[in-house]
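2 protein chains.
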Amino acid sequence: MEKRLVFGHKSPDTDTVCSALVYADLKKKLGEDFEAVRLGTVNEETKFALDYFGVEAPRQVETVSNEVNEVALVDHNEPQQSVDDLKDVRIVEVVDHHRISNFESAEPLYFRVEPVGCTATILRKMYKENGVEIEKSIAGLMLSCIISDTLLLKSPTCTQEDIDTAKELSEIAGVDLDAYGLDMLKAGANTKDTSAADLISLDAKEFPMGDAKVEIAQVNVVDTEEVLARKEELKDAMTSKIDDKGLNLFVLAITDILKNDSTVLALGKNTEKVEEAFNTTLQDDVAVLEGVVSRKKQIVPPLTNAFKG
Amino acid sequence: MEKRLVFGHKSPDTDTVCSALVYADLKKKLGEDFEAVRLGTVNEETKFALDYFGVEAPRQVETVSNEVNEVALVDHNEPQQSVDDLKDVRIVEVVDHHRISNFESAEPLYFRVEPVGCTATILRKMYKENGVEIEKSIAGLMLSCIISDTLLLKSPTCTQEDIDTAKELSEIAGVDLDAYGLDMLKAGANTKDTSAADLISLDAKEFPMGDAKVEIAQVNVVDTEEVLARKEELKDAMTSKIDDKGLNLFVLAITDILKNDSTVLALGKNTEKVEEAFNTTLQDDVAVLEGVVSRKKQIVPPLTNAFKG
Numbered sequence: 001m002e003k004r005l006v007f008g009h010k011s012p013d014t015d016t017v018c019s020a021l022v023y024a025d026l027k028k029k030l031g032e033d034f035e036a037v038r039l040g041t042v043n044e045e046t047k048f049a050l051d052y053f054g055v056e057a058p059r060q061v062e063t064v065s066n067e068v069n070e071v072a073l074v075d076h077n078e079p080q081q082s083v084d085d086l087k088d089v090r091i092v093e094v095v096d097h098h099r100i101s102n103f104e105s106a107e108p109l110y111f112r113v114e115p116v117g118c119t120a121t122i123l124r125k126m127y128k129e130n131g132v133e134i135e136k137s138i139a140g141l142m143l144s145c146i147i148s149d150t151l152l153l154k155s156p157t158c159t160q161e162d163i164d165t166a167k168e169l170s171e172i173a174g175v176d177l178d179a180y181g182l183d184m185l186k187a188g189a190n191t192k193d194t195s196a197a198d199l200i201s202l203d204a205k206e207f208p209m210g211d212a213k214v215e216i217a218q219v220n221v222v223d224t225e226e227v228l229a230r231k232e233e234l235k236d237a238m239t240s241k242i243d244d245k246g247l248n249l250f251v252l253a254i255t256d257i258l259k260n261d262s263t264v265l266a267l268g269k270n271t272e273k274v275e276e277a278f279n280t281t282l283q284d285d286v287a288v289l290e291g292v293v294s295r296k297k298q299i300v301p302p303l304t305n306a307f308k309g
Numbered sequence: 001m002e003k004r005l006v007f008g009h010k011s012p013d014t015d016t017v018c019s020a021l022v023y024a025d026l027k028k029k030l031g032e033d034f035e036a037v038r039l040g041t042v043n044e045e046t047k048f049a050l051d052y053f054g055v056e057a058p059r060q061v062e063t064v065s066n067e068v069n070e071v072a073l074v075d076h077n078e079p080q081q082s083v084d085d086l087k088d089v090r091i092v093e094v095v096d097h098h099r100i101s102n103f104e105s106a107e108p109l110y111f112r113v114e115p116v117g118c119t120a121t122i123l124r125k126m127y128k129e130n131g132v133e134i135e136k137s138i139a140g141l142m143l144s145c146i147i148s149d150t151l152l153l154k155s156p157t158c159t160q161e162d163i164d165t166a167k168e169l170s171e172i173a174g175v176d177l178d179a180y181g182l183d184m185l186k187a188g189a190n191t192k193d194t195s196a197a198d199l200i201s202l203d204a205k206e207f208p209m210g211d212a213k214v215e216i217a218q219v220n221v222v223d224t225e226e227v228l229a230r231k232e233e234l235k236d237a238m239t240s241k242i243d244d245k246g247l248n249l250f251v252l253a254i255t256d257i258l259k260n261d262s263t264v265l266a267l268g269k270n271t272e273k274v275e276e277a278f279n280t281t282l283q284d285d286v287a288v289l290e291g292v293v294s295r296k297k298q299i300v301p302p303l304t305n306a307f308k309g
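As given, the protein sequences belong to chains V and P, one line each in that order.
Note that UniProt numbering numbers the first sequence so that position 161 is 161, with each residue one more than the last.
Note that UniProt numbering numbers the second sequence so that position 303 is 303, with each residue one more than the last.
If you're looking for bench data, these hints aren't it; they were derived computationally from the structure.
Here the structure is a predicted model, which means the values were calculated and not measured.
Be a bit skeptical, because a hint or two may be false.
[To be verified] For lysine-lysine, the following DSSO-like pairs were computed, each having C-alpha atoms within a straight-line distance of at most 30 Å:
(1) Lys128/V with Lys167/P
(2) Lys10/V with Lys308/P
(3) Lys128/P with Lys28/V
(4) Lys154/P with Lys231/P
(5) Lys167/P with Lys29/V
(6) Lys269/V with Lys87/P
(7) Lys128/V with Lys192/V
(8) Lys235/V with Lys245/V
Just chain V, with the same shape it has in the complex (with noise of 0.2 Å):
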């Protein structure tokens, strides 16, 4: 069988990164030709997941159609958030648990989208459903994706699946889920050592909104002082994001994964839809957002109307 690539969203985080290992793993064992690669740096909390149960990253690709003509996309169905020569190839599945936008095939495919808080949670039920027994490292892998996406399954995003599914798995990985949730997150909550730029982009998606381009990046912290004390620093880099990509307006969110709330920072000449659709008022470009946690779930859908409004 020819061999095909899988991969996540462009700045990928956790979830996306593995992902796209689990589902070529579970292809292989179903005797199809995958390989996982990935489209942006590893982050410090997929780094550490990777390192514990003891799994390679993915190799980055920039293109894939000098590679393969067929391909896989995990965690997300935008276009824009995918690989650039995307148009250039066919998928042939796609498993995500995002909203659908923009998505278009000429002919049908497999596509697979759940309102769940991980592409994990649906991928295990894919081992279930072909009676694929799960390895240790890979449950592992797994595991980590819904910590991830969940922020340790406190985030709205979080359905009884995920925290099923989490169980489930800690008891394969053999890690206690509290515990390795926490360390996991707070490697990737580290921004000390991390440039403006990275912050700004690491987990950044770019959306539409109307007639309008909005990128909104999301970054976790345990303290959203020191992320804020560089406040000059990432509006410079969100500044000129802005310009290269013509964005209508840029949302920095700085998430507490302890307190469970987000600040934002917000650029850009719509910077009145962030008001208008959090009922708040920034002040020196800044707002705290209490509760919110979730880009897809808390940020995306007001913002979204904001702008249709």
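Got chain V sorted already, so can you dock chain P onto it with the hints?
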């Protein structure tokens, strides 16, 4: 639990009508309240299937947001093929086997598309996955869907999964697959008593291709000449549809279910795209496409490519 509606595409065919009924049955057995509705007239083939298995047709609706807040779609995902006020309701689930195009959601949902011959083949799996037993009449409806969409397992869209599912369902339904299948297809192939306006709209779908609006209608027959004898009447009906909807191209595919060929009648300002797509020459607006029986697999993709080129 709040009541929801489930429906297939406009110009409903057997898979669309019966899959909506089957979906509602499955959900009911899982404790959810879905009512199946339809967006157009029940065709003769579908009527045969419903009568044979003693099931009432779903009621017809023009809009849904006056009744419910949430809906499920079966057998389609492209908004222009769906109910007119789709944008005013929340789509909670999609089960389909077509290309994905123009579908947008503000939030994640259940979205399951598989490249099989028929929606009911996926629904059959959903009964299995949920451990729900299938009643005789429901098995008969699902079987009818597969027979209709795969032209009795002969279409190139038919997969091994469709074949296996059809055999299994024919046993539960207690019918001979071939004998029942041919009777059902023939019931739908009676064109004499159908007006030209109905012939071009009973199974018609609109597709955006590049910047063009293309409508492709299909009618199954056992005698192509019987339809072509009414060519002028059909052309009048097609021309007025082209004017009404501002179409660039209208293709009527007359598919011989015994010979497995299609004769196409093409009108509009872009008929050259038909010649290009199928490497043929229209004579008096007509061309025979040998071995072509599937709109989805053999007509839409080459035409889409012709409009791109």
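These are the hints, each one checked on the structure:
{"no.": "1", "hint": "Lys128/V with Lys167/P", "in the structure": "holds (25 Å)"}
{"no.": "2", "hint": "Lys10/V with Lys308/P", "in the structure": "holds (28 Å)"}
{"no.": "3", "hint": "Lys128/P with Lys28/V", "in the structure": "holds (25 Å)"}
{"no.": "4", "hint": "Lys154/P with Lys231/P", "in the structure": "holds (27 Å)"}
{"no.": "5", "hint": "Lys167/P with Lys29/V", "in the structure": "holds (28 Å)"}
{"no.": "6", "hint": "Lys269/V with Lys87/P", "in the structure": "holds (29 Å)"}
{"no.": "7", "hint": "Lys128/V with Lys192/V", "in the structure": "violated (41 Å)"}
{"no.": "8", "hint": "Lys235/V with Lys245/V", "in the structure": "holds (15 Å)"}
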